[in-house]
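A.B. asks: Sequence:
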Amino acid sequence: MDIPLLIILAALVLAVATFVLFLIVVIAIRAEDGRRRLDSEQASHAERITRRLVGAYTSVPSARRGGDCP
1381 MDIPLLIILA ALVLAVATFV LFLIVVIAIR AEDGRRRLDS EQASHAERIT RRLVGAYTSV
1441 PSARRGGDCP
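Just so you know, we're using the numbering used here here: the sequence shown kicks off at 1381 and counts up by one.
None of these hints come from the bench; they were simulated from the model.
Hints may be right or wrong, so weigh each one.
Using C-beta positions, here's what the derived DEER-type ranges look like [what the hints assert, rightly or not]:
| no. | residue 1 | residue 2 | range |
| --- | --- | --- | --- |
| 1 | P1384 | A1426 | 36 to 46 Å |
| 2 | E1427 | A1390 | 32 to 42 Å |
| 3 | A1391 | R1431 | 34 to 44 Å |
| 4 | R1432 | L1386 | 40 to 50 Å |
| 5 | G1435 | A1390 | 43 to 53 Å |
| 6 | Q1422 | D1382 | 54 to 64 Å |
| 7 | M1381 | H1425 | 45 to 55 Å |
| 8 | I1429 | A1397 | 22 to 32 Å |
| 9 | L1385 | G1435 | 51 to 61 Å |
Think of the CB as a built atom: it goes at the ideal place given N, C-alpha and C, for glycine as much as any other residue.
Let's have the full structure, built from the sequences with the hints guiding it.
C.D. replies: The following block contains the structure:
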């Protein structure tokens, strides 16, 4: 086989493997999210971290930083 053909074949195999892995991760996240929502309304670890990050970079004062919070 020619080397360019092998390179193209390897690239296609890697692309397909990446896509399959992406689908597996998406399905797993959706399944976990559905179970968590059915079990309780508590925020997931990722949601808590995201809320903390968003809160840290907003200009709205919070009770944690000494501001008035309703």
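A.B. asks: Now tell me if each hint is right for this structure.
C.D. replies: Now for the hints, and whether the structure bears them out:
no.: 1; hint: P1384 with A1426: 36 to 46 Å; in the structure: holds (42 Å)
no.: 2; hint: E1427 with A1390: 32 to 42 Å; in the structure: holds (39 Å)
no.: 3; hint: A1391 with R1431: 34 to 44 Å; in the structure: holds (40 Å)
no.: 4; hint: R1432 with L1386: 40 to 50 Å; in the structure: holds (48 Å)
no.: 5; hint: G1435 with A1390: 43 to 53 Å; in the structure: holds (45 Å)
no.: 6; hint: Q1422 with D1382: 54 to 64 Å; in the structure: holds (57 Å)
no.: 7; hint: M1381 with H1425: 45 to 55 Å; in the structure: holds (48 Å)
no.: 8; hint: I1429 with A1397: 22 to 32 Å; in the structure: holds (29 Å)
no.: 9; hint: L1385 with G1435: 51 to 61 Å; in the structure: holds (53 Å)
In the structure shown, no violation is registered for any of the earlier numbered hints.
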